[in-house]
Amino acid sequence: MDRRQSLGLMGIFAATLASANVAHATTARAVSLPDLVRRSTRVARATALDSFARSEDIGGARHIVTYSRMRIDDSIHGPSGDSETLVRTLGGRVADLGEIVHGEAELVLHETCLVFLMIDPNGVEVVTGMAQGHYPITIDGAGTPRLRLSRNMPQLVGGATSAVAQLTGKPFTEARALILGARR
Amino acid sequence: MSGLRLLPRLAAASFAFALSAHSYAYCLTYTCDPSRDCANSATACDPNKYCTTDSETGCRVGGKPLFWASSVVSFDVQRDGSKLADISYDQLLTVVSNAFQRWVDAACDDSHGPSIKLKDFGPVECAKPEYNKSQPNQNVITFHDSEWPYMNTGAETLALTTVFFNPDSGEIYDANIELNSNQATFVLGPGQGDAGAVDLNAVLTHEIGHFLGLSHSSNGSATMYSQYKVGMTTLEDDDIAAICASLPPDRTTADPGNPVGVPRHGFSTQCGEPETGCCASTIGGKAPSSGPLALWAFGLGLIAWCGRSKRLARAKRSERALPR
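These protein sequences, in sequence, are chains A and B.
Position one of the first sequence corresponds to residue 1 (the numbering used here), numbered consecutively onward.
Position one of the second sequence corresponds to residue 1 (the numbering used here), numbered consecutively onward.
Simulated from the structure, these hints should not be mistaken for laboratory data.
Careful, some of the hints might be misleading.
[What the hints assert, rightly or not] Partial list, derived from the structure: chain B residues whose beta carbon lies under 8 Å from chain A:
no.	residue
1	Thr31
2	Pro34
3	Cys38
4	Asn40
5	Ala44
6	Lys83
7	Asp86
8	Ser88
9	Asp120
10	Ala159
11	Thr161
[What the hints assert, rightly or not] Chain A residues, not near chain B, derived (Cβ > 12 Å throughout):
no.	residue
12	Arg29
13	Phe52
14	Pro154
15	Glu174
Note that the Cβ used here is the ideal one computed from N, Cα and C, for glycine as well.
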């Protein structure tokens with residue numbers, strides 16, 4: 001194998017493993033809970049442990065993406081044996097360049113959240129419906145874990161019966177039951 | 001006027017000022033890393049890097065607000081328009097220009113608007129929302145008729161704004177708006193309700209707010225509110241306060257190294273060639289496996305290959321140097 005061939009093979013190998021698509025939007029129709037569950041391959045309570053940003057070709061254009069390693073605290077739907085998973089979101093900071101996409105889920109380090117995930121055509125897990133599939137969990141004054149609105153929600157069209165309207169503010173246990181109900 | 005008579009007036013004026021200063025709910029976009037938040041930080045919070053939530057406005061703040069450094073920013077409408085939506089290049093250009101003009105015309109005070117002018121650089125071929133670090137750029141507004149590049153978002157995605165910026169200074173380098181005409185129906189009129197055709201004027205007025213550095217407002221009547229409303233094409237007081245805070249009339253503007261309005265590294269109607277170079281950073285603990293490692297593996301392979309080539313070249317030179 002000559003130099004050109006080995007370089008080409010290395011390039012193809014890296015491009016195959018690295019290329020991927022991502023979900024993101026800034027104006028979006030509100031997604032219903034049954035639709036969000038149906039499109040998701042995994043729904044879980046999870047916590048981001050660390051993250052890593054890099055440049056990738058997404059939909060034919062270069063973007064910065066962030067990979068978050070997430071600990072699965074409670075698997076509600078989908079694979080139940082995994083203790084961790086890697087989730088890609090659009091936007092991030094790489095050296096002297098930052099990129100933001102209003103509407104993408106922002107997975108905060110060490111923050112527990114309810115997250116709806118789907119596998120994109122390249123086998124990478126992404127947040128279903130962007131920020132519509134992401135709900136940070138905080139403990140209220142009475143010690144109850146409750147779902148909050150994602151910080152970077154897109155501008156929503158419609159929404160009275162949306163997952164966002166149905167889940168935001170709910171205790172986690174109640175949201176879990178709603179998700180299991182929507183799954184049937 | 002005696003001091004006693006002046007006092008109540010001063011108090012009333014101070015109260016009115018305080019009320020007006022706190023009645024806005026707009027948010028600017030900040031440079032802080034969205035994956036880091038002071039509320040979840042085990043260690044000391046670095047306000048230049050970590051985000052935190054403003055208790056009054058609910059805005060996520062930290063670092064510096066994003067801004068366009070130049071007083072003139074160019075935009076470019078992709079030349080194809082949308083055949084699916086039956087909206088031509090000229091029609092889209094008119095909607096985009098009008099939407100920009102609404103923001104430029106905002107009255108910050110009696111005689112001044114925000115310190116920015118938008119300049120149309122004409123139709124462009126490129127429909128990619130990317131920023132080239134070493135080649136000419138364009139701030140493109142484009143439809144996607146044949147395929148929405150982000151298939152896994154589903155048909156709910158209507159429009160997307162991407163902003164590239166300097167994470168240290170907050171200077172915006174590049175911004176682009178994509179419209180999902182492949183899966184959504186856009187119209188040039190007031191549009192319909194939840195599931196119907198969407199008003200392109202309203203969508204673009206909102207997206208251009210992001211283009212200019214604004215984030216969502218919690219004021220339900222604002223154009224930058226996170227809920228779309230039919231006919232939402234005018235700027236409300238909250239939006240005007242936002243753009244005037246982001247680009248105040250009296251700020252010092254700069255055109256670093258470029259003629260007025262020209263994007264960074266020049267302007268081109270064509271997309272850039274693929275750019276090479278390393279670009280990765282770890283935010284948390286250890287780096288993730290699989291995907292990112294592929295690039296590292298490629299880099300290591302490249303170094304090894306280069307090393308091998310140099311060794312071979314040295315060996316050949318040594319061979320030639322040997323006395324025959």
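So, going through the hints one by one against the coordinates:
1. Thr31: holds, 6 Å
2. Pro34: holds, 4 Å
3. Cys38: Violated. Min distance 10 Å.
4. Asn40: At about 4 Å, which falls below the 8 Å cut-off, the nearest Cβ of chain A leaves the hint on B/Asn40 intact, so it holds.
5. Ala44: violated, 14 Å
6. Lys83: Where the cut-off is 8 Å and the nearest Cβ of chain A is about 20 Å from B/Lys83, the hint is violated.
7. Asp86: violated, 20 Å
8. Ser88: Hint violated; B/Ser88 Cβ to chain A Cβ min 22 Å, cut 8 Å.
9. Asp120: Violated: closest Cβ of chain A sits about 22 Å from B/Asp120, beyond 8 Å.
10. Ala159: holds, 4 Å
11. Thr161: holds, 5 Å
12. Arg29: Nearest chain B Cβ is 4 Å from A/Arg29, so the label is violated.
13. Phe52: violated, 5 Å
14. Pro154: A/Pro154 is in fact no farther than 12 Å from some Cβ atom of chain B, at 7 Å.
15. Glu174: At about 23 Å from chain B, A/Glu174 clears the 12 Å cut-off, so the statement holds.
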